[in-house]
Amino acid sequence: MNGPHDLGGQMGFGPVAPEKDEPYFHAEWEKRALGITLSCGAFGAWNIDESRHARENIPPADYLAASYYEIWIRGIDKLLERHGFATRAELLSGHAQQAGAVPKRVLKAEMVPGVLAKGGPCDRPAKTAPLFAVGETVKTKNFNPVTHTRLPRYARARTGMVEAVQGAFVFPDDNAHGRGENPQWLYTIVFDGEEIWGEGADPTLTVSIDAWESYLEPA
Amino acid sequence: MRDHDDEHDHSHACGHDHDNHYSDMQARVKALETLLTEKGLIDPAAIDAIVETYETKVGPRNGAHVVARAWSDPDFTDWLKRDATAAISSLGYTGRQGEHMRAVFNTAETHNLVVCTLCSCYPWSVLGLPPVWYKAPAYRSRAVIDPRGVLAEFGLTLPEDKKIRVWDSTAELRYLVIPERPEGTEGMDEQTLAGLVSRDAMIGTAVARKPESAT
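In the order they appear, the protein sequences are chains A and B.
Those letters in the first sequence? Residues 1 to 219, by full-length UniProt numbering.
Those letters in the second sequence? Residues 1 to 215, by full-length UniProt numbering.
If you are wondering where the hints come from, they were derived from the structure by calculation, not from laboratory data.
Keep in mind the model is a prediction, meaning the values are calculated, not measured.
Hints should not be assumed to be uniformly reliable.
Stated by the list, open to error - Okay, derived cross-link-like pairs now, EDC-like style, lysine to aspartate or glutamate, Cα gap no bigger than 20 Å in a straight line:
#1 K135(B) / D62(A)
#2 K118(A) / E52(B)
#3 K163(B) / D202(A)
#4 K57(B) / E22(A)
#5 K30(B) / D48(B)
Claimed, not checked - Stretches of chain A that chain B covers, calculated by requiring three or more beta carbons in the stretch to come under 8 Å of a beta carbon on chain B:
#6 9-22
#7 90-97
Said to hold, decoys possible - Listing some non-contacts, in silico: residues in chain B with all C-beta distances to chain A over 10 Å:
#8 R61
#9 S72
#10 W79
#11 T157
#12 G187
#13 M188
Note that CB positions come from ideal geometry on N, CA and C, so glycine has one too.
Starting from the given sequences, assemble the full structure and let the hints guide the process.
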């Protein structure tokens, strides 16, 4: 979706503000927000793509005014309610009022090292041969779905080159919406800066994205 | 395992993105943790364990070790180029947000820079949790359109003829920049070499430090 998250090439946000010796967390609540988000992810009720979509659906003015962990908390609230783990009233009150959905698992402290070390690999066996080959010129499609996609706006309807075939991966556009993992081939596509940004582009710039097969067509 | 990016010696306007709504968020997150604990859905001790992991165990020194090994061992470099996930795993760095790794190598001709314009994808297993600026709109919006301007804000000015390659992490591949090995480091052991590699050098917003004797 063309949400506030799709930031590539937007202007007006001012300079980057690196912070000398930045701490990992700037407030105690940020630590809890990280831990709550990862713990709820372990329920097995939603996947990373649905989680990303919940965040990108935050209204633009709110999204852009929020710190990153605040965006996470807004996303978690939505997912907990959608999947029946908490009601709106419970989320507002901060206390349990009724039984809710039962998760596949509850993350206990002793499980944490194993779960973090394992992660959640997203590569899957492919059922077809890749449609495109390294070195081939391709064009990204022009589409504007209201649903989740990982093809950024700046890279739509652009001509680039297949630099690598990365294997087959879960297709986020389907997986975010409960339509299954439907793995597709994933390609690294490289574009000249001028193809994307046109007049005035840095002549030394190339930008690449990792694009699923259905984002692409022969040039 | 804190990272010290001491090549950053510049001032900037204040107004960080992270200082919004502190007190509101403190209350909101506390309420959420209380609710989920009452419902038996989370274990507060698990949250402690997660935080401890990312504060003390998983950080940029993991990545610096990978870089130092790459600088020291041509076979390891070849392995990183062929299959970064396996090569990095061999050093014990695996897991969340590092399931699928790719190493990209700076050369005399090309400088690499990593961003996620769509969220904040970042190689947690080798760099730990990302800094605020990496997740903030200013970086995510401009890294792809004005990387030289962004690098200048980090105090890094590249030669005009140096090519810039930006990697937008739009899928589940996580990128690790392998900076160029500085001159004057011949014969250094891995641990000393790793000390020259900052977190920012592995994102591409800095280069590796020269050894002190050479500066």
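For each hint, the structure was consulted:
1. Between the alpha carbons of K135(B) and D62(A) the distance comes to roughly 16 Å, so the proposed pair stays at or under 20 Å and holds.
2. Distance hint between K118(A) and E52(B) is fulfilled; the C-alpha atoms sit about 17 Å from each other, no more than 20 Å.
3. A distance of roughly 9 Å separates the Cα atoms of K163(B) and D202(A); the hinted pair therefore holds under the 20 Å criterion.
4. Restraint check: the Cα-Cα separation between K57(B) and E22(A) comes to about 17 Å, which is no more than 20 Å; the hinted pair holds.
5. This hinted pair checks out: K30(B) and D48(B) have alpha carbons roughly 14 Å apart, not beyond 20 Å.
6. Look at the segment 9-22 of chain A against chain B: 13 of its residues bring a Cβ nearer than 8 Å to a Cβ of that chain, three or more, so the hint holds.
7. Closer than 8 Å: that is the beta-carbon criterion, and the segment 90-97 of chain A has 6 residues meeting it against chain B, so the requirement of 3 holds.
8. Look at R61(B): its CB is around 13 Å from the nearest CB on chain A, clear of 10 Å, so calling it non-interface holds up.
9. Every CB of chain A is more than 10 Å from the CB of S72(B) (nearest about 25 Å), matching its label as outside the interface.
10. For W79(B), the condition that its CB be more than 10 Å from all CB atoms of chain A holds, with the nearest at approximately 17 Å.
11. At roughly 13 Å from the closest C-beta of chain A, the C-beta of T157(B) stays outside 10 Å, upholding its exclusion from the interface.
12. Residue placement check: G187(B) keeps its beta carbon more than 10 Å from all beta carbons of chain A (closest about 30 Å).
13. No beta-carbon of chain A is positioned within 10 Å of the beta-carbon of M188(B); the least distance is around 25 Å.
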